[in-house]
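A.B. asks: One letter stands for each residue in the lines below.
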Amino acid sequence: MAAGSPASSSMMAGPYVGSSVPRREDDELLAGQGRFLADLVGAGTLHAVFVRSTHAHALIEELDTTEARSLPGVVAVVSAGDLEAPLGPLPTLHEPHPLFADVFEFSMVDAALPCLAGAEVTYVGQPVAVVVANSRRIAEDAAELVTVGYAPLASVTDAEAALDPHSALVHDLLDTNEAARIRCSFGDVDGALEAASVVVADCYRMGRHGAVPLECRGVIARVDARRNRTEVWTSTQIPHLVQRAICAVTGWPRETVRVVAPNVGGGFGTKANVYAEEVVIPLIARRLERDVAWVEDRLEHLTSAAQGRDQVHRCRLAVDSAGVILAWQSDFVVDIGAGSLWTAGILANTAIHLMGPYRLPAFRVSGRAAFTNKALVAQYRGAGRPEACFALERSLDQAARELGLSPAEIRRRNLPGPDEMPYVRPLPYRDGVPIVYDGGDYGACLEACLQMLPESEAKALADDHPQLLVGHGVATYIEATGRGPYECARVTLQPGGSFEVAAGSACAGQGHRTTLAQVAADALDVDLARVCVRNGDTDAVADGIGTFASRSAVVAGNAVHVAATRLRTRARALAARQLGVSVEQVVPVDAGFATAYRGATLTWGDLAAALGREGSLADEQPLQEIVRYEPRTVTWTMGAHAAVVGVDPDTGLGRVLRYAVAHEGGADIHPGIVEGQVIGGVAQGIGGALLESFGYDADGQPTSGTLAEYLLPAPCDVPTVQVRHLTAPTSANPLGVRGAGESGTIAVYAAIASAIEAATAAQGVRVRSTPVDPSMLALALHTSIDGPA
Amino acid sequence: MKPPPFEYVRVESVQQALDELHADPEAKALAGGQSLVALLNLRLARPSRLVDIGRLGELDRIFEDRDSLVLGGLVRHRRLENDPLVRRRAPLLAEAASHIGHLAIRNRGTLGGSLAHADPAGELPAVILALGGTCYTDSVDHGRRAIPIEDFFTSHYTTVLCADELLTWVRVPTVKRLEGWGFVEIARRSGDFAMAGAACTVCLDAAGRIDGVRAALMSAGPTPILVSDASPVGRWPDEELARELAAQWAPAQADTFRRLLANTALRRALVAAMQRAQQRRQEAGVG
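Chains as they are written, first to last, in our numbering: chain A, 3 to 791; chain B, 302 to 588.
Hints are not guaranteed to be accurate.
[Claimed, not checked] Just so you have them, the derived chain A footprint on chain B, three or more residues with Cβ under 8 Å:
id, region
1, 303-313
2, 482-494
3, 553-564
[Said to hold, decoys possible] As a list, the in silico SDA-like pairs of lysine to any residue whose alpha-carbon atoms are at most 20 Å apart:
id, chain 1, residue 1, chain 2, residue 2
4, B, LYS303, A, GLY707
5, B, LYS303, A, ASP333
6, B, LYS329, B, ARG347
Just so you know, the hints here were simulated from the structure itself, not pulled from any lab data. Being a predicted model, the structure only gives us computed values, none of them experimental. Every residue, glycine too, gets a C-beta built ideally from N, C-alpha and C.
Generate the whole structure from the sequences, applying the supplied hints.
C.D. replies: Now the structure itself:
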């Protein structure tokens, strides 16, 4: 029987967790049967187009919509002036635990951006007005007819420049461009820096890039006037947080708003954000009592969807003569553009993950977030971890070079051994709980990676590519995964004896319909085919958070596990009552329950029927469990990446020739999906390391408005990625799982930079920023343009 | 991403196309649409009318005419890449066509469209320049003009074509017996616009010395530029000469990196052309 057919999956027996069962999403998606946001636009739906700021910073002196309104087919044009009161701001999406904020001296101000610009615009692409018409074409024609008179103001596009006291202000209402700060230390950093035999100091930058999913954003809102309900479909990773934001801004009661995420064509963090458009479209649908759709186009996406990274780290690393770390410090700045709902999360993630997986006797971090006149920022796969990893791993490579150690060796000497686990840091995590690395054997993980892709491979490849300079690089990372505060799940026995599983973790391609079904089927001890997963819908489970931060397998997975376990326990008791035996005498069988004593069986269908109105258990509550699973704290995933990169000295272009990832995760729910996550993460890391950049000119005008300018990695740019999963189950949660969604991305930048430096070691090239600039490499490798140096 | 309103007419003959273009100076010919449609959707082009010439089969033909190939303006890039006649008689053209964008783009984009669009990063403008081709244009007012490719491009995206003129045919000389060719493009990713690129031909004499070189660069200025001269005639072809010529011919540019890339592309293209010329000379049993 063909793998992947429904029949074959129904024939597979449990346990399912740990097995790469056919993904339930595949048949639908591969046959083009997915239902993405734009597929849901129905006949009679009005089309919205946003008029967006064309200036990085300006006062709006005039806004005339008369001509646009008079275009035939236009139904409404709405700007801030048409609203009774300013709409927004959107509530921040993360606030750290007070204990964390206290220890890390964290403070933050809010840009409080309205959903539609009022008197001032602060970035190109900011929504200024929205045109609603009978067709997208008419709406675009009308949007051109909206006259906006801008009086340009001074703008700033560099985060460090923005923090200069003399800089132009991004937000007039604030007297500073500093959006947030964080500071913390332990150990004697200054003493170590003075006494160390080697201190390396440098500045490392990671450019602005981001998710750029295949599917852009989009929102459809429908109003059911009779039920006083507004239903919102949006391409999001966090429907419950979108629902909360809509209600917070509009004041509508929660039960009157339903938010649904249909198939989502990639999120990677840019859709783990709430947007002004997600509030404006429902509001207009409600005003007009018509269905309204906004489908973002690529130009809009590349200029107005949330972007990521954009950090600079000024670091000092002190090591002794054996390469053992004595102290590590970084002073960093994050460019959050005109604002971010994730400022706290990004600053905290960066500060914590700067410590890496290594032993660290002394550490000092200070970080600031700066407003600039660039697009908004959200989390992007890794969310501060790749930037932190880059700074630390680059510094380690530099220290290794000074000492004549190999990059692998200096890491070996600093990773805590298995006998040191659990490894405790004298700092709390973002949730206020002390940081404890609950790992297995980090050193073994490094060796596993080097075994897959040893340095000797670079020498062999150099022979195959005589025109290239070839080098081998390595980097490790640590990742806090499964962050709370909670996720909700519901498991319900349905008539006929099948189960519906719902969770707050919306899916943006992670395969939850498969993995959550595996978890539920095992806990219920039923055939996988009996379990159907429904998520991404605030009507399916009342409370939830969403999918991001390598959290869903851990938090939603365990919520489903606990709910299904409880349901099974209660079902067994009901089965005992129905079968007329004690609970201990009830044993599970394929289709339900049985008792060997009486030889009787009771299928799940029988049980569902007995719970029905005519059934003998009609007096019992239906079999349904709703669980809010709250992890005590995070669980940690560690890994090592190795890369072999070839550099063409005459063009400066780098090519990743080989790549390997070993990661120490927890129990695998679906090994195939985990491997896919890692490989996809590597592809995005390669893009960020070598190609992707959201460019802005000095006036804050975006220079990457098309995919000819914003360079995504294509198949030729990503080699086969070898993946080795080292299982280190954790006791942090019942399933023993750790998150892995960002494991593929975090260390790519550092590994590739390391490989490029190894390739060009003879010429002494240093890689301090990503994306690695070909002109920097080429010019560093030439004393004259007429040939190699 | 919807274009501004325009009128649309699909023409059935070259004459009808010329009449349409003559009647409305704001009209634009639409062929493969691989540049024009993107410009329309970004609202950077606003023609009043699109004259769709996409089904003019008469312009989708290729003839061999003694020592030249005559190619219709509607010949698609994919056909240039794969057509046996083009591969045999104008192999440089076939090789360059394989570097254009991606397969889906090559299935639609046309020779005439690419030359008329005059993107300085375009492969075909540089190749036709290196080959020394001739463009034939037709219009109601000017009749047929034969324009040497050296005179065709004037600046970024600008040619000597009048608003009502249609580029109908292109003539390129076919490859000579002792001629080799080279095409090198440097881009961030496969299929991207060229950061630099070079197209060249190298002809040898019976003794194996250089008889003539033609080399053109893309992405090195506002138009593709012909950089070669007669200086290598009589020299022996080798890597050292390629290096020398590349250094001599790569245009002075403010941007050192750009100049390095042009130099690299040119050197590699010259080396490839010299090697092929020598190979063809051996195969021809000369010397």
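A.B. asks: Would you mind marking each hint as holding or not holding in the structure?
C.D. replies: Hints and how they fare:
With 3 residues carrying a beta carbon less than 8 Å from a beta carbon of chain A, the region 303-313 of chain B meets the three-residue requirement, and the given coverage holds. Counting residues of the region 482-494 of chain B whose beta carbon lies closer than 8 Å to any beta carbon of chain A gives 7, which meets the minimum of three for the stated coverage. Evaluation of the coverage hint for the region 553-564 of chain B: fulfilled, as 6 residues show C-beta separations to chain A shorter than 8 Å, against a requirement of three. Between LYS303(B) and GLY707(A) the alpha-carbon distance is near 16 Å, which keeps this suggested pair within the 20 Å criterion.
With a CA separation close to 46 Å, the supplied pair LYS303(B) and ASP333(A) exceeds the 20 Å bound. Distance restraint check for LYS329(B) and ARG347(B): the Cα-Cα separation of roughly 9 Å lies within the 20 Å cut-off, and the hinted pair is therefore satisfied.
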